[in-house]
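Residue numbering for the sequence shown follows my numbering, beginning at 1 and increasing consecutively.
Worth flagging that the hints you see were computed from the coordinates, not collected in a lab. Heads up, some of the hints might be wrong.
Unchecked claim - Cross-link-like lysine to aspartate or glutamate pairs, in silico, DMTMM-like; alpha carbons within 25 Å at most:
id: 1; residue 1: Lys27; residue 2: Asp14
id: 2; residue 1: Lys12; residue 2: Asp48
id: 3; residue 1: Lys36; residue 2: Asp14
id: 4; residue 1: Lys59; residue 2: Asp31
id: 5; residue 1: Lys59; residue 2: Asp14
id: 6; residue 1: Lys59; residue 2: Asp45
id: 7; residue 1: Lys59; residue 2: Asp48
id: 8; residue 1: Lys59; residue 2: Glu32
id: 9; residue 1: Lys36; residue 2: Asp48
id: 10; residue 1: Lys27; residue 2: Asp45
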Amino acid sequence: VLAGLTVAILAKNDPFLAACSASYIVKAAADELYTKVGTNYNSNDLADTIPQIHHNLTK
1 VLAGLTVAIL AKNDPFLAAC SASYIVKAAA DELYTKVGTN YNSNDLADTI PQIHHNLTK
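Full structure from sequences and hints, please.
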């Protein structure tokens, strides 16, 4: 999930910004999932949460 998001952000930004942004977004998504379901989530759940996190960050 992290690699895919990094590459997606890298398409329009510099590498350092892409790496930092992707790491932050994935961590925020993981924190959100941990709050809701504890440790019982997988990469699909993580990927499904990323759009919500992105929306929250861009408001």
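These are the hints, each one checked on the structure:
{"no.": "1", "hint": "Lys27 with Asp14", "verdict": "20 Å, holds"}
{"no.": "2", "hint": "Lys12 with Asp48", "verdict": "22 Å, holds"}
{"no.": "3", "hint": "Lys36 with Asp14", "verdict": "33 Å, violated"}
{"no.": "4", "hint": "Lys59 with Asp31", "verdict": "19 Å, holds"}
{"no.": "5", "hint": "Lys59 with Asp14", "verdict": "23 Å, holds"}
{"no.": "6", "hint": "Lys59 with Asp45", "verdict": "22 Å, holds"}
{"no.": "7", "hint": "Lys59 with Asp48", "verdict": "19 Å, holds"}
{"no.": "8", "hint": "Lys59 with Glu32", "verdict": "17 Å, holds"}
{"no.": "9", "hint": "Lys36 with Asp48", "verdict": "14 Å, holds"}
{"no.": "10", "hint": "Lys27 with Asp45", "verdict": "13 Å, holds"}
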